[in-house]
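All chains, please: the whole structure from these sequences, using the hints.
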Amino acid sequence: MADATPPTSKASASTAANLARAAAPAGTGLRHLPWDVALLALIYFCSARIALLYAFEKSNASPFWPPAGLALAAVILLGGRAWWGILAGAIAANLVTFIGNGFPALVPMVAMSVVIGAGNASAALLGWVVAGSPRALPGFTLGVGQSARLLLGAAAAGLAAALVGATTVTWGGAAPPSLWPVILRIWALGDAVGMAVLVPLVLAWWCPEPLDPRRRCGWLPYALMMALALVQAGLPGLPAWASAALLAAMALVPVVALLVRARRACWTTALFLISYVIWQTIRGVGPFAGHDEGRDLLQVQLALLGCAPLLLADGLLVGGRLQESTDQGLGLLLHGRGGRSAASLLPALAVTTFGMAVTFTTWWSLLRDQDARLRSAAGTVAQNICQDFTSSATDIRQDLQRSAARWEDAGGTSEDLWRRNAAHTVHDYACLQALEWIDAQTIIRWIEPLAGNQAALNLRLSDEPARRAALE
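Letter by letter, the sequence shown follows residues 186 to 657 in my numbering.
Hints in this document: simulated from the structure, not taken from any laboratory. The beta carbon of each residue, even a glycine, is placed where N, CA and C say it ideally should be.
Computed Cβ-Cβ distance ranges for the label pairs, DEER-style: (1) L497 x W426: 28 to 38 Å; (2) A567 x L602: 36 to 46 Å; (3) R582 x V292: 49 to 59 Å.
What follows is the structure, given as structure tokens:
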């Protein structure tokens with residue numbers, strides 16, 4: 186009986202094999218090393234370490250959380266396997282932070298780091314699902330509809346990560362339970378803003394921009410942002426209204442970038458602006474500073490919500506289709522293609538080295554700035570204490586000299602009158618514990634108040650060398 190199956194040519198067999206390889210999950214076999222997951226973990230850790238320097242009350246909750254945006258962008262680029270890289274990077278970042286904050290118990294510290302890391306990784310997947318499970322494949326459009334779905338995904342993911350994180354750090358003893366609502370708000374808004382900024386930024390730089398004859402003067406937003414920042418930060422004694430006006434002008438630079446169809450410049454300058462505003466606020470400079478830390482951070486986060494309309498404006502003014510780049514070296518990290526030669530790994534190694542250099546340089550500079558601010562604050566407090574003590578000591582000495590002059594004019598004083606005067610003096614000066622009357626034989630005869638000071642009554646001060654020297 187003849188075979189009813191039509192013969193298959195070598196060309197069609199080759200095509201089918203290629204399609205099967207393309208449809209297979211990338212990097213799932215043992216022969217494929219998870220370069221993408223490992224690099225994602227390192228990038229997440231580096232960015233988290235920088236962001237955690239702005240954490241509130243040692244709670245690991247930062248007012249702006251770029252790693253959340255990197256995590257969601259990684260899921261869009263890599264799919265579900267990005268979960269493992271996010272998990273590893275988040276666990277390492279939180280573990281190092283808990284150790285740096287002096288958390289005493291090892292097991293609870295590790296457990297909290299794992300729970301927070303799993304919450305961050307799972308929140309990225311949740312945001313991806315809510316956003317419609319987008320993938321950066323040929324034909325992917327970042328229009329108004331997709332931008333709105335990304336905002337919904339960012340809100341859902343930020344709230345989910347905040348619920349897990351705030352509950353973990355408060356129940357685990359890393360922060361007081363009374364701070365739970367504050368940590369929840371900071372964590373949720375920080376993650377949501379991080380996703381709203383970093384996702385379009387990563388996609389804009391990862392995927393080649395389509396040709397657009399309307400795109401012009403792509404360098405203009407960068408030049409404007411740098412010029413305004415130098416003027417705003419470099420002029421000493423700038424009036425508050427002028428500083429606020431320059432900051433408002435800086436906030437318009439990303440919009441200018443959209444008007445000239447420069448998506449990369451838009452989100453790069455937006456990231457710079459956010460980092461600049463937070464840095465200034467922490468240093469006590471700018472329109473959002475001058476209150477307590479919690480209120481300052483709240484004002485900053487409310488201002489950062491302006492990224493939401495910026496993302497919608499991006500989809501409306503620029504839109505366009507994005508196509509995944511597979512021919513710039515980084516395609517190896519996505520698909521495991523191209524071999525494993527040293528040359529093929531150079532892009533990954535370059536990104537890794539640059540990320541580590543930026544991380545430790547920023548960390549070192551911020552720590553130096555923090556140390557300088559602590560030294561300045563300690564010096565101010567010590568100076569105030571010294572001034573208060575000097576002023577109080579002068580007032581007390583003058584008060585006692587007036588009392589002694591009255592007693593000399595009156596030819597002496599009774600114990601009852603002395604105790605009344607001494608009680609008033611002790612009441613007026615909180616730094617005094619008691620006043621003592623010492624006779625000619627250097628014996629303490631009277632003490633006011635006597636309660637709590639009975640051990641000093643009838644003590645001969647001349648018997649103690651240190652006190653005898655003070656009396657002389």
